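*Asks:* Chain residues, written in single-letter form:
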Amino acid sequence: MTFGCVGATIEVDLSRGTIEKRQAEPDLVDSYVAGKGTAARLLWDRVTPEVDAFAPESLLAIGAGVLTGTVIPGAGHTCISYKSPVTNIHCYSSVGGFFGAELKHAGYDTILFSGKSPTPVYLYINNDHVELRDASHLWGKSPAETRQLIREELENEDVQFLSIGPAGENRVYFASVEHGTGASASRGGAGAVMGDKKLKAIAVTGNKDIPLANASRLFEIGNYLLDRMNADRTKVVELSGYSYVRFLVNIGDFGNFSGVRSPELEAEIKALGRKAQEHITRTRTREVACNNCAMRCKHAYLNPQGGYTFMKCQDWFAPMTATYLLDCDFAVQWMALCEKYGLDTSTTANCVAFAIDMFKKGLLTKEDTGGLELEWKKPEVAFALIEKIAKRQDIGDVLANGTYRAARQIGKGAESFAHDTRKLDLPMYRNFHEHHFALMTALNEKGDPTMLDSSIALVMLRPKEERERYIQDGWFPYPRELEKYLMAGADAARNPDMEGNCRFSIYDMEQYTLADIAGVCRYWMQYWLYPAIASRSLVAELMSAVSGLEIDEERATRLAHRVINLIRGYNVREGIGRKDDFHSIPQHTFERVPPPPEKRLEPAEWNKMLDLVYNIRGWSKEGIPMRSTLAESGLDFVREDLAKRGIPVA
Amino acid sequence: MATRKIKYINIDADKCSGCRLCESICSASHADPPYSLVNPGRSRIRVFRDEDNDVYIPVLAGPYTDVECLGRNTVMVKGKEYGECSFCRASCPSRDLFREPETDIPLKCDTCESINSEPLCVKWCLSKCLTFEEVEEEVEEETPAAA
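Protein chains in written order, with my numbering: chain Z, 1 to 650; chain F, 1 to 147.
Isolated chain Z, as found in the complex (with noise of 0.2 Å):
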């Protein structure tokens, strides 16, 4: 028996239509733990150049958290790892909700697929029991039926579900793979991957116990990570009012950033603020969590078309910002049709204002929309298109392959006009000439910095007094030797000293990583506007307290360097390097001159901070891991497979 059911492995190969339940290797599990650790070893042995993400030989590894479906509040998330077909790199995408602990529940924390299916097919898992059913009927239909008509064809209304739609059906490069009540893996195109391993959707329920090593410590923690919660959770509900909405837009860049916002576009988000409040009293129903916790980030409305729709952050200012059409019922209904079809509602914005863009400069016409008349502020357009790209019709064939491959089947020079973040379409933000927001975005393999950024470029802005109270109360999550650059403080332009910000940078995508690990939300480790929940030695000791396996602070932070030099050993190994990072934010932060007193990111100080931050993670110049490095981490079979590959490791 394994405590926290770590390493428990279903292995589905699809082709042929086998089921393998197995033990995880001691020494991968010792070495990487769970989730986003063991898959990123799995996928490095299995998933390697020579294997395209829509092979069948292409891996899709589901991975419980080690602390998922504990007690500890916030300990819900799946990570689902796999080669991106859009970054053709290492790619996660990260679920709450309550797969992960249902899935512990009937006894595993790991679910590997293989091969592609002939006919559609779902997998089923109750307990012990472990079968292929036929998806035939489910397919072309939305997650939401989907797990409808699973529910009723197995009896179970206590059945956990991921599902793709439509568009991961049509192998849309940014299909999602849905949950319910709002949570998706979105980013990197994980639905298309499922959808061309013909695997329509995952089913599983338990109710086997989980067994915990030291439950007695486990719950003391947890006691204490209550109490934390709540007093974070003010942070949230200060946040949930009329505010909110506008804040977001105001992050937003309009259009298919165009970096411009006239007189009126300002005066429409002012009065968004009003607006939103009126939106928010009226059609909010319900606060809603993931798997135990407290924090309630996803808020249900009533959808004008019926139902519930779960909204947050992106799916607010993505629609709003990309046509233009700042109403908020308009953006509950582009989340829902982005539901339906099973799209990942940030990528879709990106890529219906590129479409806009491009017909208003005339590069597409209305031949290529099939007589569609592309308009901003128009949502019977948006919508048109939403439908299109899901369905892959005329130009949602083209749109459908993200808007740098789009781009560039359109050709005449609509290259110049696509943004994206190594191949990924970019989030709609307008900030990425703020170094944190910037550094996040180069340091983490998506090339996304969604859910990376940190509070500390937040808390770095007030008093002096206030910052040493934050480091007093113990909310400043990072190692003592870090005080100082916090307490230096920012300069005029929002930006920390850049060695500070170097460290601070690294350590939050450690933080992340673990977090990918240990199965918890970012939200735990100081994500956005809130202060850390928790400590790298806490997350150590409750890993340590779930699986029996001795984790203490220094060895969750050799395990962070493990798999973070594993996941730059993979990428680089595909081809990832220094022009990579270096070009991970968009052109335009280098042209445009942000308002005052924020100031233009200069290439030269971007290559002095990818400078400093290869040089602290033990790269080289070019941004490959050192042999030292690698052999720091356990990872010398990285080094010899890069020499075999004639990439030289200094």
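In case anyone wonders, no lab produced these hints; they're calculated from the structure.
Hints may contain errors.
Said to hold, decoys possible - Using 25 Å as the maximum straight-line C-alpha spacing, the simulated DSS-like pairs for lysine-lysine come out as follows:
| id | chain 1 | residue 1 | chain 2 | residue 2 |
| --- | --- | --- | --- | --- |
| 1 | F | K128 | Z | K312 |
| 2 | Z | K412 | Z | K366 |
| 3 | Z | K391 | Z | K116 |
| 4 | Z | K21 | Z | K198 |
| 5 | F | K80 | Z | K340 |
| 6 | Z | K377 | Z | K366 |
| 7 | Z | K361 | Z | K412 |
| 8 | F | K15 | Z | K312 |
| 9 | Z | K208 | F | K108 |
| 10 | Z | K391 | Z | K378 |
| 11 | Z | K198 | Z | K391 |
| 12 | Z | K312 | Z | K412 |
These numbers come from a predicted model, not from an experiment.
Go by the hints and put chain F onto chain Z.
*Replies:* Chain F in isolation, oriented as in the chain Z frame:
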């Protein structure tokens, strides 16, 4: 007249976020040895969730019954329809709820008296959907049987 204390766990279903932390803490705290496992299947409180219809109802395990209802109806509350057994607390033959997964022994909420604690589901409910109330209630004194 004598008094006795009656313990109530009040439920404001409008506040429930559906996080199911109450289920986790209940199953863990009642486990033997305490806190050795987590399993909502063993919990004496369950959250009935129907996200498509905005229904989230925590239900505390009530007494066991060995018969099932004959006529079950749907109920309309504040314009929302609730299913057959949505509010029912009984462990009964018609569903496998509120019973130990392996042994089928019925479970009943004891407001954490058996583990000498305040009700932990209330303590861990951060949406304040569950609240605890102790009421002094007058009871008739038992009179000795007439000679």
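*Asks:* Work down the list of hints and note, for each, if the structure agrees.
*Replies:* Hints, one by one, checked against the model:
no. : hint            : result
1   : F/K128 / Z/K312 : 22 Å, holds
2   : Z/K412 / Z/K366 : 16 Å, holds
3   : Z/K391 / Z/K116 : 21 Å, holds
4   : Z/K21 / Z/K198  : 21 Å, holds
5   : F/K80 / Z/K340  : 23 Å, holds
6   : Z/K377 / Z/K366 : 18 Å, holds
7   : Z/K361 / Z/K412 : 11 Å, holds
8   : F/K15 / Z/K312  : 18 Å, holds
9   : Z/K208 / F/K108 : 19 Å, holds
10  : Z/K391 / Z/K378 : 20 Å, holds
11  : Z/K198 / Z/K391 : 16 Å, holds
12  : Z/K312 / Z/K412 : 37 Å, violated
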